[in-house]
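J.: These are the residues of each chain, in order.
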Amino acid sequence: MKDALGIIFGEGSDAGLGSLTAKRSLAAVPIASRYRIIDFILSSMVNSGITNVGIITQKNYKSLMDHLGTGKEWDLNRKIGGLLLMPPYSSRETMSNENGDLADLAGALDFLEKSPQKYVVLSKSHLICNLNFDDAFEKHVHANAIVTILYQNLEPKGEISGLKNRFFIKTDEDDRISQIKAYSSTNESNKISLDIYIINKEFLIYLIRDGLASAEKGSLSEIFSRRIEHMRMMGYAAKDFVARIDSIKTFYQANMMILKKEIREKLFFKPGLIYTKVKDEAPSKYMESAVVRNSLIADGCVINGHVENSIIFRGVRIEKGARISNSIIMQNSEVQENAILEHVILDKEVIIRQDIRLTGQESYLVLINKGAIV
Amino acid sequence: MKDALGIIFGEGSDAGLGSLTAKRSLAAVPIASRYRIIDFILSSMVNSGITNVGIITQKNYKSLMDHLGTGKEWDLNRKIGGLLLMPPYSSRETMSNENGDLADLAGALDFLEKSPQKYVVLSKSHLICNLNFDDAFEKHVHANAIVTILYQNLEPKGEISGLKNRFFIKTDEDDRISQIKAYSSTNESNKISLDIYIINKEFLIYLIRDGLASAEKGSLSEIFSRRIEHMRMMGYAAKDFVARIDSIKTFYQANMMILKKEIREKLFFKPGLIYTKVKDEAPSKYMESAVVRNSLIADGCVINGHVENSIIFRGVRIEKGARISNSIIMQNSEVQENAILEHVILDKEVIIRQDIRLTGQESYLVLINKGAIV
Amino acid sequence: MRNKDCIALILAGGQGSRLGVLTKKVAKPAVNFGGKYRIIDFPLSNCTNSNIDTVGVLTQYQPLELNSYIGSGQPWDLDRSFGGVYLLPPYMKSETGIWYKGTANAIYQNMDFIQMFNPKNVLILSGDHIYKMNYAKMLDFHNENNADATISCIKVPWDQADRFGIMETDKSMRISNFFEKPKNPVSNMASMGVYIFKWEVLKNYLIKDEADLSSSNDFGKNIIPTMLHDGQKMFAYKFKGYWKDVGTIYSLWEANMELLHKKPAMNLFDKGWRIYSKNAIQPPHYTAQGAIIKDSMITEGSVIYGKVKNSIISSGVKIGKNSIVEDSVLFPSVVIEENCVIKKAIIGERSVVMDNSKIGVEDAIEGQVPSKMCSDGIVLIGSDLIVESGSNIAKNVMVE
Amino acid sequence: MRNKDCIALILAGGQGSRLGVLTKKVAKPAVNFGGKYRIIDFPLSNCTNSNIDTVGVLTQYQPLELNSYIGSGQPWDLDRSFGGVYLLPPYMKSETGIWYKGTANAIYQNMDFIQMFNPKNVLILSGDHIYKMNYAKMLDFHNENNADATISCIKVPWDQADRFGIMETDKSMRISNFFEKPKNPVSNMASMGVYIFKWEVLKNYLIKDEADLSSSNDFGKNIIPTMLHDGQKMFAYKFKGYWKDVGTIYSLWEANMELLHKKPAMNLFDKGWRIYSKNAIQPPHYTAQGAIIKDSMITEGSVIYGKVKNSIISSGVKIGKNSIVEDSVLFPSVVIEENCVIKKAIIGERSVVMDNSKIGVEDAIEGQVPSKMCSDGIVLIGSDLIVESGSNIAKNVMVE
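If you read the protein sequences in the order shown, they are chains W, C, D and H. Here the first sequence is numbered in the working numbering, starting from 422 and rising by one per residue. Here the second sequence is numbered in the working numbering, starting from 422 and rising by one per residue. Here the third sequence is numbered in the working numbering, starting from 6 and rising by one per residue. Here the fourth sequence is numbered in the working numbering, starting from 6 and rising by one per residue.
Next comes chain W alone, as it looks inside the complex (with noise of 0.2 Å):
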């Protein structure tokens, strides 16, 4: 796949993450004891043999940035090619969200017209997954598609939740596609769009200029809707799984089912690895009381405690007596003895002090700011 280049939307225009998207981009936020939301997405081109990304950010992308360093970890350090962060043009300054996808990607349009590839993988940040688009670019070129626009199928129709923003599409028994419709209860397809496309990058170059001149709004999914006649649109079955964050409960839930021995198998070894920042943090010291059940455990953490359905990050302590369910505790967090955490997320370095106790539910979950000391 050395003829396509990658381009990923560092925000979903519908992150509702709360205080974790409040001071970073939703590509940015800290998932699955290690990572970051975007090394999913960005491990899955690395590993198809992407070795031309370009990421488009809006704001709060600071720390994105310095996740993303000089891209060594994803081995796109490179000097031919490698990882471009596009911040905003400031003739765009003005424009809003509202605007759509085409208004983002001008922003992109120098990087698509001066990279030597022919094709364009696209995606928002937000899928958590592990995926390979060998086959379903092979597919795009020998179908001689303009564009191919990746799904999955659901088992039974529309049990996920939060479809209400999801398009489905219909394809004939050539998998091209005949339909593009948002969601809506009647929904006669179960083909749910993942919002990955591969698309002919002079096609893209083209409708970009052309959205931006006629001030065309809306999403890639309403923008090829509404060209379906005119274009060859083909649909593509991707099998793997893959986690949609969109709101703190998606988000809580992906975590959860990363604890899951299938989805953990998969999701970090196949078909590719998942790629991160480095810390160069000590491997995890378990002491004397330490009692851990069924949770991920990152890097550099010092655990004396009670940890059961959890996934905890690099660098934190939980000290003797301390008891922790149903939680995701971030980076350099520290919970002292005897604090008891149920169904917690702690940001980045939060300081629960000594016989604390912090009860949310599974519908409620109690979510602490970056740096706060309870």
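Counterexamples of contact, computed for chain D against chain C with all Cβ distances above 12 Å:
id, residue
1, Arg23
2, Gln120
3, Phe146
4, Ser177
5, Asp217
6, Gly252
7, Ser356
8, Asp381
Here are the simulated PhoX-like cross-link-like pairs (lysine-lysine), alpha carbons at most 20 Å apart as the crow flies:
id, chain 1, residue 1, chain 2, residue 2
9, C, Lys682, H, Lys326
10, W, Lys698, D, Lys276
11, W, Lys670, W, Lys769
12, C, Lys700, W, Lys535
Calculated from the structure, these hints are not laboratory results. Bear in mind that the values here come from a model prediction, so they are computed numbers and not experimental data. Ideal placement from N, C-alpha and C gives every residue a C-beta, glycine not left out.
Add chains C, D and H to chain W, keeping to what the hints say.
T.: Structure of chains C, D and H alone, referenced to chain W:
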């Protein structure tokens, strides 16, 4: 100087470089056949042993980002420290430049706080120079100063054009600063500030916080001037060549000055080398009818015409019979047969067609926009 | 020409034969340590943390794994434009090439390399010690004394002093006598094998030493005694802190176990002096419902279903249900299947212990010969081996 | 485990003794070429441009300059996390180490390295040719034929065919015969020393060849004839374009001069196939008021006051007033002072020709012995030399 970090303002707030800065920051303006303006101050910092440099950018910094890349060419592709671009915070987007230097520096607060170094070398990007800060730094530490301002002696007083935005300082026999004053015709000092500062980091952090709380405005010169009674500020006389770019005129003059042997030999080699982005062009080729006199030529050019007193950037083609004098021809431009250019600045990728004649004056340079076909 | 104030050279050529099967395919400095490190991470990280950004690693024996581990030097921030890390094997000049004969000859053969940086001082290190040391402070001491050579030293127990180079100094710490492995030590100040030399001075001694055909071209046996004899200014720099030669199976095991102390002398959690290592690209480790882990260090990619006590678990290790691992060091990607008991073992990379096996439980088993290299009951299993279901391996056995 | 489809190995161990003083201190692939390149830039850039991102460079002879030139591989975008460029000198296994005996033995000794990447195919290159070639196309041809080996070949003049490995093929380009340096060549299709082998197949032949004590362990002499004899599927891939062995002083000079043609066969200005090189960190070159430059290539850091005709001027060269340089190749940082005449000379790095000197002007001068390595009037001056004021050096002389 491992104990100092660097901060560079990507913009000169007084950048009046016309169309050269329409789509790029001042820091990214091409100069001297193969450099960008920021290369000089950035290389000076690197050659002084600074390994942690933050660059404060505002708008239009895509070309700057592209130029700096991973920081490899400045040996700043580091895991520990290295190069950090600091984009504006979203909370700062409503602020305008009129809020002054402290507001711009607010974007660097996080960087300042997380870096282990105790001192800051702070400069704007618009100085063409090759400096080593070791000696000034040692004096700063030894004198227990809070701020050291680098200055130059004007001989005779006030003979440089464009003094009206400059600040002069008065120092006692120990080089302690007793006055900082904006230029006026009755100026009593010949010590002109270079706007390069060595500052104790903790003090700078205090100043930014304090300044933000009180919405203090103005340049650092003004801010220091107001506090002159309360803090120990030292001067340091820099004796090397420094050219300041703040207009098309000073930009043109700086380029032409580099043609002088004594300036060229120091500026590019002493005390350190000047680094820039590598482009992998072939050596330049002089064809049969080439005539070149007193000119700087970068790699990748093919010269078959006449060139005199000019600055030729990478990848330029000059056809037979073309005559170029007292001009600056930027990257990948093409001057076709028998065209004549005098006192002209061509931005990148300009094409001058056969027999075209463009003539400016030293006092009125003809400036052709990027990509134009004339 | 640019100069460096001080560059470092790490002697990483030794075969490390006392580590038995652990160094069958890799050089000693590449041996795993502490769950996610290799021995050479310690001197390399010390250099980075001491602001020494130019390091030559002198390799000779089985360097492939070491080379690909060090790579561009990026994990230690040593991928610098002028400087950084260089791997220095022996090479041919004109028609001839010779392998490194001794520590001094290895440096002698790389004089051209050192000259590229024209350093004032060279720091000579060995690649087989576990310690954290600020070389910058030693360099300050060296410069303050205007010394020709400075040797870092540490107090060792008197009964071990005969295994080291032993120094006598005056009050100013100037060295008056140096004895390489003395039978009757006069002091217990032992050389750590960490030297700083003025390069101009060392250069001459290397050339003289090379010309002397009777010399064994060794720092401890030849260069240092000769310099001392010539009256060069040589100082001893006292180092306090954890320092451990991990040249034997027992000392390697012991150094690993010492990390598990409540307040270990070698603190890997110190953010002011990180030990860097090449990242394994593994997910967080997973501790299952029935697992019990106490007094242990576990790193990324491991999956633990069994019981782990007082052990070091490296990246990608799997420990199955009802298995017990105690007082052991499992190298990366080791698999312990179900219902095993592992005691006081070091198990090499990617080896698999199949279910119902016992390792290090019995004192002796007929047909199993204890290894001379193993002691104190330690079992050593090599890399890439498969221990079949229901195996029983006695204490002090080495499996190749 | 990750695999690579194809990795490249560059044989860069040769001494290149026919290049005389130019290879006294550096390996042949590190010799300067074309103003800002070294010979090895060509195979390395070809690899990058052909999307081959894993390259082993087999070094043996004087590798220091080559090593520090290649460094992390960044100039060729070969500083990759999995893959990139590796320098592969000979090393010791267990107690013994042997230097590379021949081209095939060099690959044999690095089988462990190759195995790390588990490639389907290996591309074997030599480090001493100037050419631009898309190896990806050759690989496609190799795969389409399901070949065990594919050898790139080029038509050479019949009178030179006896210097090459010569192939006979059928219509499908399958090789029927291969003659290493035949006295009476049956064809003028010469091997370029560019081979693609199926790794699984080559591995077996390397092992067999190593066991054969009578073998000289060479691809052309041993491996290829044996494979052919065994009936393996071997194809010839026809290369069209510029290809030059720069193994002699004359051919090196000639290849440089060919760059100055109006439309050179080796086009360095092609943006679709750049030749990468390590940057010298020099300012733009400066051409002074009185300078005259025609039909020449000049690169960064040079300062020209004199007259330059039909010459290659490398980075950092200074040419003084009233000096004339014609038909010459000046290596980096050469200084020609004032009033000199230099004709048909190759001058090594950093050498200084002091004022009023003449080089290559006289046919013969008493006391100066023409070198066997120089021909056609070419003068060769080594690196780091000083040619005193008023010197006069005759044609065909080599100065060490």
